[in-house]
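Given the coordinates of chain R, assemble chain V onto it according to the supplied hints.
2 protein chains.
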Amino acid sequence: MRIPQITLSAIIILTTQLSVFSQNQTNFQKDSTMLRQIFDETLENGRAYEDLRSLTKDIGARLAGSASADMAVEWGYNKLNSYGFDKVYKQEIEVPHWERGTTEKAWYTDTDGNIHQLNILALGGSVATEGPLQAELIHFKTREDLQNAKKKDVKGKIVFISQPMDQKMIETFDAYGACYPIRGLGAIDAANKSAKAVIIRSLSLSEHPHPHTGTMQYEDGVTKIPAAAISTMDATALEKHMITTRGVTKLMIEMNCKTFPPKKSHNVIAEITGSENPNHIITVGGHLDSWDVGEGAHDDGAGIVHSMEAARTLMALNYQPKNTIRVVFFMNEENGNMGGKTYAELMGQSNEKHIAAIESDRGGFTPRGFSLDGNDRQLKLLLSFTKLFEPYLLQQLEEGYGGVDITPLKSEFKDIALFGFVPDSQRYFEIHHNANDVFETVNKRELHLGAASISSLIYLLDNYL
Amino acid sequence: MRIPQITLSAIIILTTQLSVFSQNQTNFQKDSTMLRQIFDETLENGRAYEDLRSLTKDIGARLAGSASADMAVEWGYNKLNSYGFDKVYKQEIEVPHWERGTTEKAWYTDTDGNIHQLNILALGGSVATEGPLQAELIHFKTREDLQNAKKKDVKGKIVFISQPMDQKMIETFDAYGACYPIRGLGAIDAANKSAKAVIIRSLSLSEHPHPHTGTMQYEDGVTKIPAAAISTMDATALEKHMITTRGVTKLMIEMNCKTFPPKKSHNVIAEITGSENPNHIITVGGHLDSWDVGEGAHDDGAGIVHSMEAARTLMALNYQPKNTIRVVFFMNEENGNMGGKTYAELMGQSNEKHIAAIESDRGGFTPRGFSLDGNDRQLKLLLSFTKLFEPYLLQQLEEGYGGVDITPLKSEFKDIALFGFVPDSQRYFEIHHNANDVFETVNKRELHLGAASISSLIYLLDNYL
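In order, the protein sequence lines correspond to chains R and V.
Note that my numbering has the first sequence beginning at 31, numbered continuously upward.
Note that my numbering has the second sequence beginning at 31, numbered continuously upward.
Chain R with its partners taken away, still in its complex shape (with noise of 0.2 Å):
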């Protein structure tokens, strides 16, 4: 492997070093000193951090429906006004409403009669047990697993599924993706086989007492049945009492959540005016609604500062972008994406052209650099900046999802660039959906790295898209 390798990396050196030469010089000098000082800028006066935590502390939690979600819009809207944009608004959305309720226990009940609490959390969406309901506990490793159950040794029970997240891959977002279904689809699959309710091992990759939440799914003509999470703490216990002791346990379960008839809210929009292109967009974004627990601050209250302090910057460097560039604060991505569909369809409606749109949902931790989803000609792009970002080691520079909040104005835009910020993700899995996701788990210098880059990748796409 020796010889070959250092061929290529001789290769690679002697196309680093000719780059710095053929390169058009004037451009990357004025480019690499506007980076610089769009680092400098954040890292000195940054404000990414302190809204953070006026955000996180003042408002705290935001599922969308919830005063707290209302709140949060008027928050937005403040503060983008008390940063000089051209323009501030609030576009009107319908949102899903779903509250927790006041109610949400579980015990189970060992061979030996030991009672254990579990603690637990509703999926988002979920049903109601009404009341009390305590059934047998039938275990399944997978979802796979209880795919393939005969009917008749699920029916009535409550299924128990305790799948963990691979700790084995690298990007923790593939391993999130992998257990997604469990959550997803878990309580159709348990109710295709007459079950009662469905519990499921959180989706995180580190064991502690807090479950995690998210969005779950129905399916017209299958039974709605309860669906609940618990923490990895309680399912690596409860599985191997299940193990010992299989299909014999007891479950008791009550939860008194609720879906109300949809509401009114708010995507939150503010806009430095193109001063060529005023009608080509490049969005910048994070989602304003978080869940109901903890305070929804790497997800996705750091996407929110994000955007909001790579706009600040650019406006405290008075760059005047050619295009227009769009903070958007979108409302519902955790449970609908109404934000995300309705902002598409607006704009798709509208005369504008949008050239690209980029997201920050991926938390407020140390940033690796950003994926495209998008065409050859753009990959090429974003590669052509590898130079230009070497120094703030945005070294991840690859095709990839773009955002739940963006990805709807492909449909409208099929040109349109989209682009994700990539934070290092090994801490998001413990933090992400539960009580642990506070302000105090956010570094400043991470989140400012962050907003600086993102306000360097919209630069160089108002200049170079």
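Source of the hints: derived by calculation from the structure; they are not laboratory data.
Incorrect hints may appear among the rest.
Identical copies go unnamed one by one, so any copy, or any two together, can satisfy a pair.
[As the list claims (entries may be wrong)] Heads up, simulated DSSO-like pairs for lysine-lysine below, C-alpha to C-alpha not over 27 Å straight-line: (1) K180 to K280; (2) K198 to K109; (3) K444 to K383; (4) K171 to K135; (5) K198 to K417.
Same frame as chain R, but now just chain V:
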């Protein structure tokens, strides 16, 4: 910029694709399979996190010369013995012995007569105040300002240097390096102007209440004056007072730290004997000692468990190294580096050939790559691993520092390749040398990914160096 850059990126893409085919496929497949097995073993069965819990909670802070350091030596010896190495032994060294003592207090009085207490830590090696020491305070924004000051203005006063670490530097170790002389040489600079004592702003990138300690030096023929660090929060507040009421604020300080005669201590060493070249040595290590505040979790408990786990993983996979893999727990990196110096001396007198050394002493954060202190051939070799490291996001492969403990080996073995493990550096300097450096700040996945990265480098060096 766009067109030439696209050309560049096109070349890079081409090169990358070419490489896949140009490489020796057999070796590349074998090596990439081995790296995958290494990461799987560490991520699924790694012991590093629980070993670190034991080192930080059962032993805790462990300054060289203390009983805790002696217990850490026992801990390391027993722990290494539990992993089935071919050899485990201690290497006797002599270490300095300094103790913080029981009193560390400081107050300043503002011009309105308000008394403010300061959170202080004596710098390692500082002399005591010999009872209460009160004097006028004189403030300098930088070390240079102090060096340029008139002796008569400084004489008899306590010097305060408020220079902060530079937030704008992306690599935080660069910002640390730039401020290091303030802590290391500030007492000499101040004594040269006949000051009574010196206090400095803690070398940290975050504003918090805990002062950061660290080494400092005296110079023969220059009066030894007491030196302490105050917390960044206190430094910011005190600087405000000094700017508005420069020179009139009084400071009272008392510290009863003390230097004792040198003591015996040990490096702790374990080996997997090389099957082909038993006297060709690849050293991997971190330092077992820590400062006497916090728990020495990131600095350098992480390096200790990284090194042990990297070797454990290779043994768990039944890998038979061609060269001898030697794990070294170095003692006394923090205040004398007697472990590193003695190890190098003794090895220089042996008949061993030291081909490489790897040090982990930058924390247990998410891995970013390796830095090499070596020659061009070794750099090309490191770069030749680019494709193998890609799936594990080891993207920073560059020339740079190896580490304090292994650097003395260079004077004995001029062709040795010294590698520093490079984790993400953004959080390091809020944890470094202060009460924040506890087990709870370490993330299990980040720590285990680091161990697997080091294990992978050992494997590749064993085969291709």
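Hints and how they fare:
1. When the C-alpha separation of K180 and K280 is checked against a cutoff of 27 Å, the pair qualifies only within one copy, where the shortest distance is 20 Å, while the shortest distance between copies is 82 Å.
2. Taking CA atoms no more than 27 Å apart as the test, K198 paired with K109 passes between copies only; the shortest distance there is 26 Å, against 41 Å inside one copy.
3. Proximity of K444 to K383 under the C-alpha cut-off of 27 Å is restricted to the intra-copy arrangement: shortest distance 11 Å within a copy versus 62 Å between copies.
4. For the homomeric pair K171 and K135, the shortest alpha-carbon distance inside one copy (23 Å) is at most 27 Å, but the shortest distance between copies (58 Å) is not.
5. For the identical chains of this complex, K198 and K417 are inter-copy neighbours only, at 19 Å across copies versus 31 Å inside a copy, given an alpha-carbon limit of 27 Å.
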